[in-house]
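A.B. asks: Sequence:
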Amino acid sequence: MEKEFVGGLFKDALTAENAQNELKPGIHWRLDGSDKDVVLYGNASFKQDNDINTAVLDLPGTTGSYATTPAFPISKISFTISMWIKAPNLLSPGLAYSSWGNPHVFALKASWFSARRLHNPKAVHFSIINNNNLPKNQWINVVAV
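Here the sequence shown stands for residues 1 to 145, numbered as in the working numbering.
In case anyone wonders, no lab produced these hints; they're calculated from the structure.
Heads up, the beta-carbon is just placed ideally off N, CA and C, and yes, glycines get one too.
Any given hint could turn out to be false.
Keeping only pairs whose Cα atoms sit at most 30 Å apart, straight-line, the calculated DSS-like set for lysine-lysine is [as the list claims (entries may be wrong)]:
| # | residue 1 | residue 2 |
| --- | --- | --- |
| 1 | Lys-24 | Lys-36 |
| 2 | Lys-47 | Lys-24 |
| 3 | Lys-76 | Lys-24 |
| 4 | Lys-86 | Lys-24 |
| 5 | Lys-36 | Lys-47 |
Now the in silico label distances, taken between C-beta atoms and shown as ranges [stated by the list, open to error]:
| # | residue 1 | residue 2 | range |
| --- | --- | --- | --- |
| 6 | Ile-27 | Thr-54 | 16 to 24 Å |
| 7 | Val-39 | Lys-86 | 17 to 25 Å |
| 8 | Asn-18 | Thr-62 | 41 to 49 Å |
Required output: the full structure, derived from the provided sequences and hints.
C.D. replies: Given below as structure tokens:
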């Protein structure tokens with residue numbers, strides 16, 4: 001009985017052969033200058049990073065310096081955001097990622113993560129565990145599910 005249940009439940013399970021194709025992200029931006037739909041503003045630019053030997057999006061944290069991607073409906077879908085961040089200055093007020101659509105707000109900064117509904121003015125903050133900050137000048141993978 002147990003084998004039948006497990007076999008029936010997982011009959012369409014991924015195999016090693018098809019996992020790579022089946023598990024591709026729905027939306028993916030490399031942020032290395034190759035994305036045609038990423039728009040840069042202010043002093044945002046793509047710069048070569050010698051640690052990883054590729055171009056990366058450089059956001060200097062100055063007013064009006066940011067990049068945009070096409071919008072997607074975060075209030076209507078389940079999503080995961082995964083990014084590599086190298087924060088040279090943790091005192092910068094800049095955000096690594098944000099979506100300011102109505103009614104949901106989602107923001108990720110070097111020192112905190114925030115998610116809230118706009119009709120509820122009380123923000124809900126979640127600290128990133130690592131002394132509440134990302135390590136300075138070090139590439140780190142941040143994932144928000």
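A.B. asks: Confirm or reject each hint.
C.D. replies: For each hint, the structure was consulted:
no. : hint                         : result
1   : Lys-24 to Lys-36             : holds, 19 Å
2   : Lys-47 to Lys-24             : holds, 26 Å
3   : Lys-76 to Lys-24             : holds, 20 Å
4   : Lys-86 to Lys-24             : holds, 24 Å
5   : Lys-36 to Lys-47             : holds, 17 Å
6   : Ile-27 to Thr-54: 16 to 24 Å : holds, 20 Å
7   : Val-39 to Lys-86: 17 to 25 Å : holds, 22 Å
8   : Asn-18 to Thr-62: 41 to 49 Å : holds, 45 Å
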